[in-house]
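**Student:** Here are the chains, one letter per residue:
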Amino acid sequence: MKVNRLPLLQSVVFTSLLVAGCNEATTPFENNSAKVNDATIQLTGRVVDQADLLDIQVEKILTEKLARLEREAGPQFVIVTTDSLNGLDIVEYSVDLGRRWAIGHSERDDGVILLVAPNERKVRIAVGYGLEGSLSDPFCAKVIREDILPAFEDGKMEEGIVSGADSLIAKMRTSPTIKLNDNELPLTLKEKQAS
Amino acid sequence: MRGRFTKFLAVPVLALALSACGINSVPTAEEQAKAKWADVESTYQRRADLIPNLVETVKGFAAQEQDTLTAVVEARAKATSIQVSADDLGDASKIQEYAAAQGQLSQGLGRLLATVEAYPDLKSNQNFLALQSQLEGTENRINVARRDYNEAVRQYNTTIRTFPDIIGAKIIHGAEPMEPFAATTEGADEAPAVAF
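Top line first, the protein sequences correspond to chains A and B. When you line the first sequence up against our numbering, it's residues 1 to 195, in that order. When you line the second sequence up against our numbering, it's residues 1001 to 1196, in that order.
Isolated chain B (complex conformation) (with noise of 0.2 Å):
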């Protein structure tokens, strides 16, 4: 009676083990910091794809901020050249070099913000209103996708370091901790500063 008993427990008892050891978690978790890491890289291209319209909007007002403007220009074509696939994830250095060029970016943005103030005309521009607006909202997407591929990625690397995951991890997955997303350069976390 009783070793049939144990024969019955063993088939749940085995999935049981099985499963609280990082089978189904690890690649769950490790997945999701995927699709995180693919929202923060959309919502930068987002911001790409409106600064050639930007930087029209701004010559047509402000042809003398040249310099400004080609600062801009670069950085963004430096920004877009750089993508990290989700399976680099946990290289630091390429993480930490697509930091760096949206945050280069975001100064430049930055400076040309600023230097709109001195033209009324440009200010209100409802064409100029409407794109500074837009890269408003969309810097602020930003920092949503940042935040939600760091806490994701905090989850995941908890995951595959925590008993019994670990297990799943170590042997089945092979899991390597991600990197979260640290901005690198001074002010990089901060929007445009735009006054209405």
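Isolated chain A (complex conformation) (with noise of 0.2 Å):
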């Protein structure tokens, strides 16, 4: 069956961490009432693709990859591309989904995001404080320089968001947020069946 919807767990501390790519200058923090706007993009599976730039088919492996590694190591990834920031800082939207949608383990606080904004540019890692030991800043920045921005620059939008993908998954995959068997699996199942 596939999984259409994250289990929404519990509101995450998720205070995002990482580093754009390119560097944008942070929002003034009075812009605080600034909110992603709930009717622009939905939370509709472990891949958002709301800018279009994913194959379907690449989209479906995508999210086959993002569900074994919750499955098999805990952290609930979510890659997300949108046609807008809506005027937002990229570390503010970042921010704002991943708590909107409650992205990780309540508990472990073990949600990433890789965000991606065509249109103005600009690409971010957002990572839960849970996370930090594997995805640290240099890591993330790393990724971004070295696997992602190259195939942007060379307009392959898709090989750069799947090889950023493919790295942070290797990464995450060495440091476990769970102990193998003892996981969310039931959880997400009881989510399914629950609706």
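This list has only true hints and no planted wrong ones.
DEER-style ranges, computed between Cβ atoms:
#: 1; chain 1: B; residue 1: Tyr-1119; chain 2: A; residue 2: Glu-64; range: 43 to 49 Å
#: 2; chain 1: A; residue 1: Glu-153; chain 2: B; residue 2: Pro-1164; range: 56 to 62 Å
#: 3; chain 1: A; residue 1: Ser-106; chain 2: B; residue 2: Gly-1174; range: 33 to 39 Å
#: 4; chain 1: A; residue 1: Glu-153; chain 2: B; residue 2: Asn-1127; range: 22 to 28 Å
#: 5; chain 1: A; residue 1: Arg-71; chain 2: B; residue 2: Arg-1161; range: 44 to 50 Å
#: 6; chain 1: A; residue 1: Glu-72; chain 2: B; residue 2: Glu-1031; range: 34 to 40 Å
#: 7; chain 1: A; residue 1: Asp-154; chain 2: B; residue 2: Asp-1067; range: 40 to 46 Å
#: 8; chain 1: A; residue 1: Gln-42; chain 2: B; residue 2: Gln-1045; range: 36 to 42 Å
#: 9; chain 1: B; residue 1: Asp-1087; chain 2: A; residue 2: Asp-83; range: 43 to 49 Å
#: 10; chain 1: B; residue 1: Ser-1042; chain 2: A; residue 2: Ser-175; range: 21 to 27 Å
#: 11; chain 1: A; residue 1: Asp-154; chain 2: B; residue 2: Tyr-1119; range: 27 to 33 Å
#: 12; chain 1: B; residue 1: Lys-1094; chain 2: A; residue 2: Gly-155; range: 48 to 54 Å
#: 13; chain 1: A; residue 1: Lys-60; chain 2: B; residue 2: His-1173; range: 52 to 58 Å
In the EDC-like style, the derived pairs of lysine to aspartate or glutamate whose C-alpha atoms are separated by at most 20 Å in a straight line are:
#: 14; chain 1: B; residue 1: Lys-1123; chain 2: B; residue 2: Glu-1056
#: 15; chain 1: A; residue 1: Lys-142; chain 2: B; residue 2: Asp-1121
#: 16; chain 1: B; residue 1: Lys-1123; chain 2: A; residue 2: Asp-147
#: 17; chain 1: A; residue 1: Lys-60; chain 2: A; residue 2: Asp-166
#: 18; chain 1: B; residue 1: Lys-1123; chain 2: A; residue 2: Glu-146
#: 19; chain 1: B; residue 1: Lys-1078; chain 2: B; residue 2: Glu-1056
#: 20; chain 1: B; residue 1: Lys-1094; chain 2: B; residue 2: Asp-1039
#: 21; chain 1: A; residue 1: Lys-179; chain 2: A; residue 2: Glu-107
#: 22; chain 1: A; residue 1: Lys-156; chain 2: A; residue 2: Asp-55
Partial chain A-side listing against chain B, Cβ under 10 Å, derived:
#: 23; residue: Asp-89
#: 24; residue: Val-91
#: 25; residue: Val-95
#: 26; residue: Arg-145
Hints are computed from structural coordinates only; laboratory data are not their basis. Note that CB positions come from ideal geometry on N, CA and C, so glycine has one too.
Two independent chains are provided; combine them into the complex using the hints.
**Tutor:** Structure follows, in structure tokens:
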């Protein structure tokens, strides 16, 4: 059965961390009332390709990889492409998404979002505090610099996203946030049965 | 019959009335804001912890930028010497002093990172790249922590000024409003500009 909805776990302290590949000045915090508009982007699956950068087949393969990662290692990883950041700073936008969607397990805080905004030419990896050990700032910056941006600069958006996602997945697998056979799968199933 | 009903009702009604007048909501909002302040301070501390290493690395490639380096070291020393305890969050001047010192350090860092542009070897140094990404990530964490703190303060201040919580706030808790964190220095809101 296909996973259509991620388990919407209780609100996570999804304090986002990282680094946008292309630096941007941080938005003055007076804008703190600005939020990602609910209507503009919906959590429709593990891959939310609103900007339509991914082939449907690639999206399917990625979704399976992300589901397997969560099942086998714990972290909940969502890939998002968006047409517009709605005038928000990409850091704010990604933090708002992470919190609103409650990505990651509420206690482990092991959610991660790879956010690509092709029109603003911004990319960011937002990491929950529980993953800082494996997805450190330098590691994420390196993934953006070496795996994602070279492909993006050649206009190969899909290639950049896949290669960045693969590096992040491989790294997260080296330090799982769950013990094997002790994870959220039953919850995911329960969630599915409930809906 | 009617009299007994009233007696029975009195207990829940009184409980309801008390809980609605800020007995719990005021300290809850207060603790929330204090916790968010602790996050603000720890993210700033995290930034301060990165600086000695950054200064050493830059020094290795750009020793002639001594003035800029010294300014950063001094701003760091000043910034880390100012702490605001959770009980002083209503004191605008203390918060401003803290914000100004951190803003000064932000500016110093901005200048330091701007000079790096002139040193291609430094710019591509792995150690520097790692530090740069940590610094940038930490600036992001600071902004998020500050935003969360201000939101918690806004909620707390609204709670203690709004009926019926204001009753408990005034009579029982003696609650004072808290100060939001406003950047006082021009450009202090900006993360150091780092071009990849």
